[in-house]
Every structure is written in structure tokens, then in C-alpha cells.
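Given the coordinates of chain A, work out where chain B should sit on it, guided by the hints.
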Amino acid sequence: MAANIGPKRLVVGAHYGLRDWLAQRITAVVMAVYVIAFAAYALFVLPAGYETWAGLFAPLWIKIATLVVIGALIYHVWVGMREIFMDYVKPTSVRLFAYVLTVLWLAACAVWSVQILWRV
Amino acid sequence: MSTTLQEKKRPEFKNIHVTQIVRYRLPAGSVTSILHRVSGALMFLALPFLLWLFDLSLISELSYVRLATVLSGWFVKLVLLGLCWALLHHLVTGIRHVLLDLHIGIEKEAAARSALWVHFISLPLTLAAGLKLFGVL
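Protein chains in written order, with my numbering: chain A, -11 to 108; chain B, 47 to 183.
Chain A extracted, bound-state conformation:
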């Protein structure tokens, strides 16, 4: 290990790549479990109509679970969009602008989803 460390070689980093890669998979699994369970329940078990639908989101634990999944979604989208911009948008200024717009867009969606869930 120590032999690799010197002025001409960088062997340690912030591990952004590994962190993003791992976060992308963990958030994906969290979302997949929620989406599949939710879709199965809503499509095959839940009776149609406003009362049952709104009632589904009434308990606190489902609000929290849904918000956590939305949080996972937003982090997942950020990693994915950042990757797309890094690959296709070469001028640094334009890419930075795209990052800022993405963060604002996602922050707005996050705040809005809190409002939607806690109004029920």
C-alpha cells in the first residue's frame, strides 16, 4: 500500500464514484420494493373511490414511508441526471447551470410532496 503513495500518484480520493454507485443501487432497491408492493395493493386489493384512496395515506407511518421513498427517488434522480450531464454537456458553465436547475427542480418537488402528503 505505502509504496503506491507518493507525489506522482493519487491513491486516495473522496470516493464520490463508489458512493454514488452504491447510493444509486440502494435507493433503487428501496423504490422498487415500495413501488411493487404499492402497485399490487392499489391495483388488486384497494377498492376504488376517493375515501379508500385518501384513507390509504392517512396514517402517519405511510406518510413517513412515502416521504422516505420520495427522498430516495430525489437522490437517485440527482445521481442519474448528474451522470447524464457529465457525459453529454461538455462546457463547464452550461453543465454547472444544468446542475443548479436540477437541484432547484428536485428541491421544489421535495417540498411539494411534503405539502401533498401532510394535507391528507
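Calculated directly from the structure, the hints in this document are not laboratory data. Among the hints, a few may not be true.
[Stated by the list, open to error] Computed list of lysine-lysine pairs in DSS-like fashion (alpha-carbon distance at most 25 Å, straight line):
(1) A/Lys78 - B/Lys55
(2) A/Lys78 - B/Lys60
(3) B/Lys178 - B/Lys123
(4) B/Lys154 - B/Lys60
The structure presented is a predicted model; accordingly, all values stated were derived computationally and were not measured.
Only chain B this time, still in chain A's reference frame:
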């Protein structure tokens, strides 16, 4: 430093440009991969629209009825069908990615086959969603 740079012109490898992609005959894995990006970006752009629909469904009985009116338009149905495809494709491709990360089906032939299987699973499910959306099912 500067002399060695002038002497040796090192080869440069860049991403292929979007305009070049259309002239490439891409293997199944590449098509699946690029569609994973396209579907992800589509859902990213549609996020506020979906939140708006979710909001309408929950505010009150009145807004719930309004949602039904919004969803009755053919254009909205078409957009939703596109998003259904995006979600299903993204989900199935994502499961494939996780399996590949676990070294399942990592051989060339198996990976090429699973790249096709993504469509065999996601497209019929999209069709079912479409039939449900347009009231056939």
C-alpha cells in the same frame, strides 16, 4: 514536459456523439442502456406533472372528480402511457443492473439475452397498462 507532449501525440478517446449513434448498429445491451437513460430523464421532467396528479387525487372529493376529467383526455392518457413505459423499462433494466452487479448473467451471451428480455417483460406490461388506461381492460 512540453517536449514529450509535442513528440508523442497521444490518442484521445471521447464519448460517441449523439449524431454518431444513429449510424452505429448498437448491440442489444447498448440500446437497453441508452433507453434506461432516456426513460429516467423523461420521468425526471414529468415529476411535477405526476405530483400534480397525486395532489389532485388527495386534496378532496371534488379534486378527485377533477382528476378523472383530466385523465379522460386522450393526450394525457398518451403521456401517462409513455411514462408507464418509462417506469417499467427503467425498473426492469434496473433489476437487470443489480443482477449484473451480483455477477448473475454477466457472460456476454447471457447479458445480451437479458438485454432483450427487458423488452419482452416491460413492453407487454406497458401494453396492459395502455389497455387499462384507454378503458379496454
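Each hint, compared with the structure:
no.: 1; hint: A/Lys78 - B/Lys55; verdict: holds, 22 Å
no.: 2; hint: A/Lys78 - B/Lys60; verdict: holds, 11 Å
no.: 3; hint: B/Lys178 - B/Lys123; verdict: holds, 10 Å
no.: 4; hint: B/Lys154 - B/Lys60; verdict: holds, 24 Å
The earlier numbered hints are all upheld by this structure, with none contradicted.
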